Amino acid sequence: MAQKIVTIYTDDLTGEESQEAATHTLVVDGVGYEIDLGPDSYDKLLEAIAPFTKAGRRIKAGRVKAAPKAVGGRSDTAVIRAWAKENGYAINDRGRVSAEVREAYDKAN
Numbered sequence: 010m011a012q013k014i015v016t017i018y019t020d021d022l023t024g025e026e027s028q029e030a031a032t033h034t035l036v037v038d039g040v041g042y043e044i045d046l047g048p049d050s051y052d053k054l055l056e057a058i059a060p061f062t063k064a065g066r067r068i069k070a071g072r073v074k075a076a077p078k079a080v081g082g083r084s085d086t087a088v089i090r091a092w093a094k095e096n097g098y099a100i101n102d103r104g105r106v107s108a109e110v111r112e113a114y115d116k117a118n
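The end of the sequence shown is residue 118 by our numbering, with every number in the run present.
Possibly wrong hints are sitting among the right ones.
Listed below are the simulated DSSO-like cross-link pairs for lysine-lysine, each with C-alpha atoms no more than 30 Å apart in a straight line [said to hold, decoys possible]: (1) K116 with K69; (2) K69 with K53; (3) K63 with K53; (4) K116 with K94.
Here are the computed distance ranges between Cβ atoms for each label pair [what the hints assert, rightly or not]: (5) Q12 with D45: 19 to 27 Å; (6) N118 with T62: 24 to 32 Å; (7) Y18 with D102: 43 to 51 Å; (8) Y98 with E26: 21 to 29 Å; (9) G24 with E56: 18 to 26 Å; (10) A64 with D102: 41 to 49 Å.
Everything labelled a hint here was simulated from the structure, so no lab data went into it. No experiment lies behind these values; they were computed from the predicted model shown. Glycine residues also receive a C-beta, built at the ideal position from the N, C-alpha and C atoms.
Build out the structure end to end from the sequences listed, making use of the hints.
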């Protein structure tokens, strides 16, 4: 049996297919975002944030703390819960993760 795999790149902003779409990463207040944009949408993004990037200060990449990756669409709480259990924290399987546990996770990671 033969298989043919087709990869279709789409612009997350417009929903249009684009062979030139690329993934871009943004970090705001320590929360990382990824977005796939075609050249026109990327130019719009750069234009929109230009006043802020011109007024801001560049930082070294090591100072930016990436947010935990979501797994299968789930929020980062699953990652934090697993870490907390491995490190002796009493944590429920459901509900909010306490600020204390989140802070401990952030310090450790």
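Checked hints:
1. K116 with K69: holds, 19 Å
2. K69 with K53: Holds. K69 to K53 sits at ~25 Å (cutoff 30 Å).
3. K63 with K53: holds, 16 Å
4. K116 with K94: Holds: K116 and K94 sit about 16 Å apart, inside 30 Å.
5. Q12 with D45: 19 to 27 Å: Cβ of Q12 to Cβ of D45: about 24 Å, so the range 19 to 27 Å holds.
6. N118 with T62: 24 to 32 Å: holds, 27 Å
7. Y18 with D102: 43 to 51 Å: violated, 37 Å
8. Y98 with E26: 21 to 29 Å: violated, 45 Å
9. G24 with E56: 18 to 26 Å: Check passed, 20 Å falls within 18 to 26 Å.
10. A64 with D102: 41 to 49 Å: 45 Å Cβ-Cβ, so the 41 to 49 Å window holds.
Of the numbered hints stated above, those contradicted by the structure are hints 7 and 8, listed in ascending order.
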